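Asker: Here are the chains, one letter per residue:
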Amino acid sequence: NAGVTQTPKFRVLKTGQSMTLLCAQDMNHEYMYWYRQDPGMGLRLIHYSVGEGTTAKGEVPDGYNVSRLKKQNFLLGLESAAPSQTSVYFCASSYAGWTEAFFGQGTRLTVV
Amino acid sequence: QKEVEQDPGPLSVPEGAIVSLNCTYSNSAFQYFMWYRQYSRKGPELLMYTYSSGNKEDGRFTAQVDKSSKYISLFIRDSQPSDSATYLCAMSYPNAGGTSYGKLTFGQGTILTVHP
Chain A
1 NAGVTQTPKF RVLKTGQSMT LLCAQDMNHE YMYWYRQDPG MGLRLIHYSV
51 GEGTTAKGEV PDGYNVSRLK KQNFLLGLES AAPSQTSVYF CASSYAGWTE
101 AFFGQGTRLT VV
Chain B
113 QKEVEQDPGP LSVPEGAIVS LNCTYSNSAF QYFMWYRQYS RKGPELLMYT
163 YSSGNKEDGR FTAQVDKSSK YISLFIRDSQ PSDSATYLCA MSYPNAGGTS
213 YGKLTFGQGT ILTVHP
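From first to last, the protein sequence lines are chains A and B.
So for the first sequence, the working numbering puts the first residue at 1; every next one is plus one.
So for the second sequence, the working numbering puts the first residue at 113; every next one is plus one.
In short, the hints are calculated from the structure, not lab data.
Any given hint could turn out to be false.
Calculated cross-link-like contacts (lysine-lysine; reagent style PhoX-like; alpha-carbon spacing at most 20 Å) [said to hold, decoys possible]:
1. B:Lys215 <-> A:Lys71
2. B:Lys114 <-> B:Lys215
3. B:Lys182 <-> B:Lys114
4. B:Lys182 <-> B:Lys215
5. B:Lys179 <-> B:Lys168
6. B:Lys182 <-> B:Lys168
7. A:Lys57 <-> A:Lys70
8. A:Lys57 <-> A:Lys71
9. B:Lys154 <-> A:Lys9
10. B:Lys114 <-> A:Lys57
11. A:Lys57 <-> B:Lys215
12. B:Lys179 <-> B:Lys114
This structure is a prediction, so every number in the text was calculated from the model and none was measured.
Bound conformation, chain A alone (with noise of 0.2 Å):
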């Protein structure tokens, strides 16, 4: 059971190019999130989908943009990225949004 996997594990991009990181879990949850890390901040919500097809604004989505078109895959993109976004990224999913969340292992992205 591989639970929530991410893909790239590492990324170094420069300033003003795009990327998209790939999220996949196995667990028929229906909620699913993409978090940012950064020191001292801890984890701020940048969108989140409670469903194939949805997506919201998080905390911090200014960016950012995500699509959910399969229950299983939540693809986060950086259409320009900036040095501002180098951060660890982390996805999770859930049953519902008050349920145990499962994470990822990680992406550290950093934009030179």
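Given chain A, work out where chain B should sit, using these hints.
Answerer: Leaving out everything else, chain B in the frame of chain A:
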């Protein structure tokens, strides 16, 4: 003001000490309270989950919720070096319809080091 406030520490204690980690919150709609543990370079994992005021115990860990004061705590008894990690509190509320989907809101996390 952030909805959930957590003292980021860092906190350094000797092995065997009792550790107290705390979070305060401002949104009275929160009804579900969790503590996650995150080891270095790993994703967070659920440690404790509770939805009522009072205490919940699991081995060396006790989660305490005081809804009237909007305050939650995690106590670790007989702390071990393997408890060294970042501890994050998280809160949620039921689906209230509309655009409120009960998403998890996290505190900033407290870095704990237990030294032998």
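Asker: Which earlier hints turn out false for this structure, listed by number in ascending order?
Answerer: Violated: none.
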